[in-house]
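Residue numbers (numbering that gives the first Met the number 0), protein chains in the order written: chain A, 0 to 220; chain B, 0 to 220.
Mixed in with the good hints, there may be bad ones.
What the hints assert, rightly or not - Below are the BS3-like pairs computed for lysine-lysine, each with C-alpha atoms no more than 25 angstroms apart in a straight line:
hint, chain 1, residue 1, chain 2, residue 2
1, A, Lys5, B, Lys209
2, A, Lys209, B, Lys5
3, A, Lys198, A, Lys90
4, A, Lys215, B, Lys215
Stated by the list, open to error - Sample of chain B residues with no beta-carbon within 10 angstroms of chain A, all distances over it, derived:
hint, residue
5, Glu53
6, Ala83
7, Gly177
8, Thr178
9, Gly189
Since the hints were derived computationally from the structure, they do not count as laboratory data.
Glycine included, every Cβ here is placed at the ideal spot set by N, Cα and C.
There are 2 protein chains.
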Amino acid sequence: MSQNRKIACYLTIILLLGCIVQGEMLWLKDILEAQILPEENVRGEFEIYRDTLELIWEEIVWFPVPASSSNEQAEVAFENSWMAERNYGGKRSHEGTDIMALTDQSDYYPVVSITEGTVEQVGWLEKGGYRIGIRSGNGNYYYYAHLASYAGEWEPGDPVEAGDILGYMGDTGYGPEGTTGQFPVHLHLGIYVPLGADKEMAVNPYWMLKYLENSKLTYSY
Amino acid sequence: MSQNRKIACYLTIILLLGCIVQGEMLWLKDILEAQILPEENVRGEFEIYRDTLELIWEEIVWFPVPASSSNEQAEVAFENSWMAERNYGGKRSHEGTDIMALTDQSDYYPVVSITEGTVEQVGWLEKGGYRIGIRSGNGNYYYYAHLASYAGEWEPGDPVEAGDILGYMGDTGYGPEGTTGQFPVHLHLGIYVPLGADKEMAVNPYWMLKYLENSKLTYSY
Numbered sequence: 000m001s002q003n004r005k006i007a008c009y010l011t012i013i014l015l016l017g018c019i020v021q022g023e024m025l026w027l028k029d030i031l032e033a034q035i036l037p038e039e040n041v042r043g044e045f046e047i048y049r050d051t052l053e054l055i056w057e058e059i060v061w062f063p064v065p066a067s068s069s070n071e072q073a074e075v076a077f078e079n080s081w082m083a084e085r086n087y088g089g090k091r092s093h094e095g096t097d098i099m100a101l102t103d104q105s106d107y108y109p110v111v112s113i114t115e116g117t118v119e120q121v122g123w124l125e126k127g128g129y130r131i132g133i134r135s136g137n138g139n140y141y142y143y144a145h146l147a148s149y150a151g152e153w154e155p156g157d158p159v160e161a162g163d164i165l166g167y168m169g170d171t172g173y174g175p176e177g178t179t180g181q182f183p184v185h186l187h188l189g190i191y192v193p194l195g196a197d198k199e200m201a202v203n204p205y206w207m208l209k210y211l212e213n214s215k216l217t218y219s220y
Numbered sequence: 000m001s002q003n004r005k006i007a008c009y010l011t012i013i014l015l016l017g018c019i020v021q022g023e024m025l026w027l028k029d030i031l032e033a034q035i036l037p038e039e040n041v042r043g044e045f046e047i048y049r050d051t052l053e054l055i056w057e058e059i060v061w062f063p064v065p066a067s068s069s070n071e072q073a074e075v076a077f078e079n080s081w082m083a084e085r086n087y088g089g090k091r092s093h094e095g096t097d098i099m100a101l102t103d104q105s106d107y108y109p110v111v112s113i114t115e116g117t118v119e120q121v122g123w124l125e126k127g128g129y130r131i132g133i134r135s136g137n138g139n140y141y142y143y144a145h146l147a148s149y150a151g152e153w154e155p156g157d158p159v160e161a162g163d164i165l166g167y168m169g170d171t172g173y174g175p176e177g178t179t180g181q182f183p184v185h186l187h188l189g190i191y192v193p194l195g196a197d198k199e200m201a202v203n204p205y206w207m208l209k210y211l212e213n214s215k216l217t218y219s220y
């Protein structure tokens with residue numbers, strides 16, 4: 000082997016060693032960052048969530064079921080059933096609040112939009128029956144399920160004001176389109192916050208509904 | 000160079016190349032994970048926060064200022080001042096809710112504990128005046144500030160029931176111990192959730208206070 004080839008060989012080895020050391024150091028940096036960042040990340044994520052939730056509280060305006068100006072029996076009741084077990088369609092947790100009609104009559108109680116927003120989903124769902132989904136300007140999703148009927152021909156993209164009648168409370172769902180009577184008349188309300196692209200997470204609407212109990216519209220029905 | 004040394008040299012280079020390729024692949028794995036994990040992590044953190052918050056809603060029992068059974072003027076008022084600017088002690092954001100005394104009289108309105116818990120901090124703070132901090136069983140921290148006086152000799156570790164009188168509303172703080180009168184009589188309430196060891200984050204008490212407005216004790220004062 001010539002002197003030149005020897006030098007070339009050693010230089011290659013030194014270069015390769017250099018690469019490895021540099022790689023190790025980057026590796027070390029990763030480990031250090033992994034140990035330093037998590038708590039700060041947690042705080043960051045929590046703050047994002049806190050601020051997202053704050054927007055829900057700021058945008059909710061009306062309780063979804065108006066009071067009746069004429070019928071004292073037309074009341075509703077709801078409990079905190081957050082994550083209670085549900086069995087239809089496999090075991091699952093209840094990600095919402097059921098507002099029960101004390102007068103067990105379908106197509107009677109109006110359901111109004113809690114917020115301003117835009118119609119995003121409308122029509123039949125096996126578990127939700129006739130439902131309508133409203134996306135607020137802040138990006139939160141309000142899901143109203145088991146409606147008996149719609150108040151008008153809602154289509155995705157239609158703008159909605161807080162207090163607009165969306166439809167009427169019913170007992171639709173738990174079967175093929177048109178199924179009724181599988182449970183008492185009630186409104187299932189779900190509220191979802193966005194988590195980046197194509198993901199969202201349910202929040203418990205119960206406390207928001209308790210807050211909105213003092214903000215009921217009064218309609219004649 | 001002998002044949003053996005040549006072989007040794009080539010083997011070393013191959014080994015080193017192997018190390019580099021392996022390093023690169025681990026590197027690649029990291030990049031892939033960084034692109035896959037964040038959204039799932041976000042969901043995880045958000046769910047932790049959601050569940051932490053849920054515990055606050057479940058543990059709050061009483062509005063911190065009871066109603067008066069005899070004095071109709073003894074009312075309070077509060078607004079959503081979340082993150083409004085405060086200037087004393089440098090520019091900062093308001094991490095709480097101020098409950099204002101409509102009767103501007105110090106040492107008059109009782110202040111009760113919103114939750115059960117344990118006394119964690121008691122005594123003077125420059126910004127908070129005479130304050131008391133209660134840690135709930137779920138680990139959340141309730142900070143009551145600007146008290147005129149304490150109801151008894153609270154010490155860290157003392158157990159507290161929801162509704163126990165902690166002290167009396169005042170206007171203490173914004174100076175050395177004993178300073179009063181720098182602002183109208185009010186109760187500053189802060190609520191903090193734990194974020195792992197030694198960290199916590201303020202949440203907005205306003206919506207919780209709105210919810211608790213329907214849950215006021217009535218005391219004779």
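To see whether the hints hold, each was checked on the structure:
1. A:Lys5 / B:Lys209: Violated, because 81 angstroms separates the two Cα atoms, which is more than 25 angstroms.
2. A:Lys209 / B:Lys5: violated, 82 angstroms
3. A:Lys198 / A:Lys90: holds, 22 angstroms
4. A:Lys215 / B:Lys215: holds, 22 angstroms
5. Glu53: violated, 6 angstroms
6. Ala83: holds, 13 angstroms
7. Gly177: holds, 35 angstroms
8. Thr178: The claim holds: Thr178 (chain B) sits with its nearest Cβ about 32 angstroms from chain A, beyond 10 angstroms.
9. Gly189: For Gly189 (chain B), whose nearest Cβ neighbour in chain A is about 14 angstroms away, the distance exceeds 10 angstroms, so it holds.
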